[in-house]
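> Chains as they are written, first to last, in numbering that gives the first Met the number 0: chain B, 0 to 317; chain D, 0 to 288; chain W, 0 to 249.
Just to be clear, a hint being listed does not mean it is correct.
A few chain B residues facing chain W, derived, Cβ under 8 Å [unchecked claim]:
1. Ala33
2. Leu34
3. Phe189
4. Ile208
Label-pair distances were calculated between CB atoms; the ranges are [claimed, not checked]:
5. Glu211(B) - Pro91(W): 46 to 56 Å
6. Leu301(B) - Lys194(W): 33 to 43 Å
7. Val271(D) - Asn287(B): 51 to 61 Å
Think of the hints as simulated: they come from the structure by calculation, not from any bench. Everything numeric in this text was worked out from a predicted model, so none of it was measured. Beta carbons are placed, not taken as given, at the ideal position from N, Cα and C, and that holds for glycine.
Listed below, chain by chain, are the residues.
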Amino acid sequence: MSGGFDRRWLQLLVIWAVLLAVPFWLPLVGGYTALAGRVLVLGLAAMSFNILLGFTGVMSFGHAAYFGLGAYGAGLTLKFLAASTPLAMLMGVLLGGGLGALFGLLIVRRRGVYFAMVTVAFGQVAFYVAYSWNDFTGGYDGLRGFSRAPLNLGFTTIDITNNSTAFYYFLLVVFAVAVGLQALLLASPFGRTLLAIRENERRARFLGIPIERHIWLSFSISCCFTALAGSLYALLNNFADPMGLHYSLSGEIVIMTVMGGMRAFWGPLLGAAVFVVLQDYISSMTVNWMSFIGLIFVLVVLFFPRGLLGMLQRRNAA
Amino acid sequence: MLQVVLFNVTNGLIIGAFYVLMALGLSLILNLSNVINFAHGNFLALGGYFAYMLTPAIGFWGALLVAPLLTALLGFIVERLMIRRVYNRDPVYSLLLTFGLAFIMQDACRFIWGPNGLPLGVPDSMSAPISDQLFFITWYRIFNVAVVIVAVSGLFAFLRFTRVGVRIRAGTLDLETVSALGVNVSMLRSFNFGLGCLLAGLAGVLAAGQIGLNPNMGDDLLMPSFIAIIVGGVGSLTGTLVGGLLIGVAAALTTIVWPAASEAVIYVIMAVVLVLRPRGLMGEEGMLT
Amino acid sequence: MSNMLEVKGVSKHFGSLRAVENVSLMVAPGELRAIIGPNGAGKTTFFNLISGFFPPTSGDIVFDGEVITQLPVAARVARGMARTFQITEIFPELTVRENIRIGAESAAGLRLNFWRTRAEAAQVEAAIDEMLTLTGLTAQADRLVGEMSHGDQRAAEIAMALTLKPRLLLLDEPTAGMGEHETYQIAGLIHRLHKNSSYTIVLIEHDMRVVFNLADRITVLDQGKLLADGTPKEIADDPHVQAAYLGSAE
């Protein structure tokens, strides 16, 4: 169906054009580059989370844990180990992804709300460790005293520390590589087994697919990418704090995903953009921003469950 | 030394009692409706705030009776207006809904009553310690434990001996059959949700008398309630009871030897249970998968 | 020639409920066997035992000479057993082609692959086209399975099962809930599969026209026990079967 194909390429083109041109158009509408960075990072977190929710059909409500662990991993590396951005990112992924994979082994036989409950509990364990281990993690105040290091590529050094535009493009490159990998993964035979599990676990089992193993793989991969997003977050803010692990952030990641459309690959990014911008705007307008955020949750669930891209898909198909 | 141990064990039982009250309400809702009520802590807070509003008019004892009922009513309404609509969909929606409600309710409390702590007046007779020796145990704390014991016994009796209670229990195991037998499942769920909120509201009144009111007061009890359910076993109310007491006492005893680790020990217990007996101490295999 | 499937004195008790009680069954290679019986006779439980959903309380199951009694589902699927369900189990929000592709890739051992080589892709796509032709779904290949008619959904489910290149095909009430035309469609498909003698087929059915037209042999279950076993003519003439089932059937 060439009609559908063209639409997909057009969609991709638009998305990348918009993302690439951010430093140019964003200030014109009253935004700032760090906001775009925030959208990219949380968008990546949401897209990574969606590997599990939208594509495998498994519900985790504690995903902020891996995000936060990634942030702490990166921050601690920069603070105590070496002033190397790539190393920081690697350590973030190892910490968040590794602990996620280990935890996943324990819970992979559970399903549904029970699974969600234990994921929340794990997140709170991480939160607790972060705010109590004062000497190491900085406690409630968070981890400070580190900053992203310039990228030494051998033939040139890119100053991402001070040049926020350069840092934005650095984020974009990492983002592009990450979502590129995700897209390849989801379009592969392995990715299709995940779809099968989402659509009909029993049938998938009866086709010879080892369900628990594939759910664990999906979970672990999702945690690794989420941790990557977390490490980028630490680089963005030069700061990591326990609230990055709290289940309220987990809930926000879920709502971003659902709001944008959990059955669409780019849905979570769109949802993150809308949510981050709304959150930014509302919290500057009123002290009761929490009510509005809560209201967004309720309205999306009751009236826009398929999310923005989901509604568009419906309209195109009809 | 004995005093210290006694102090901590008593504390543990009191904390455990609160965990149990919270967790049982949460468990009821989880078992019958497959919903994690993230707003449970907020219903607790509301219970306390309702009592605060009612005490000037009908006194502490009146508030103790009425505030939980009001909380239950609110829960019932919320369930019928909103949560009921998303039962047939992917569970992610009901979770997001209670999540959003938690945000709204917390902010509403802050908006109506302010972010600072408010006191709840408790009858003077109860503020006194029960003896000079055991100065750390006030009558109020004993009263708390007594109320919890009565409430929990009442709950279990209700579930065992009344028609509605039996239907709730049956619905937990096989909702389809219950529906086929002509029971109005929709009403049952709403009632059950209200019942869960009743327990939360009651916990709120009791807690307010002890630590005062603030919009966040339910937060500290929400996570331990989760863990009580996980440890005790999903699907089993007795398990939740055991789980709540276990972690309460464990936390208190840990305070004796290693104060800093008392919160951590709850998580450790959960981890151990997940590794050795994932279905929980009294959970059944296959429940709520 | 040894049997493809041998079920020996198998029982399944759920507490005090005896769903299946001492049932034996021998199916020869290439045979089409129908299992019939009143509702609650234990037919689906029996199927669950053969396919590995749960182990039997007692008895043995031998598949092509190998004892498989305690093997889990995945192991039996790997050994050549495929199954369809009473309520069609398909992937509703995927197209027919995508549904079959998942089965084909699983069969080709590509489950954990993060990419496909050109040769593998060609092999899989060829297998999909073959299945589409065999089940008559080529024209609908890109429709969402959830939106198709009952009969087509069942055909898609059978196509998925066939991608596993099974030697034994277990069909649980393949014409359940179907109208005249769809029943004819599915019965025709099963007949075509039967003519290709590499498939051994065991099916549970309530529609007696389908049973008596297709089956080589019929097994009758009643209240968990084996009531009769024989050719269609023998079963039709059996007074016990008539009393228990055929007399009061549709």
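> Would you pick out the hints that fail for this structure and give their numbers low to high?
Numbers 1, 2, 5, 6 and 7 - these are the hints that the structure violates, sorted from lowest upward.
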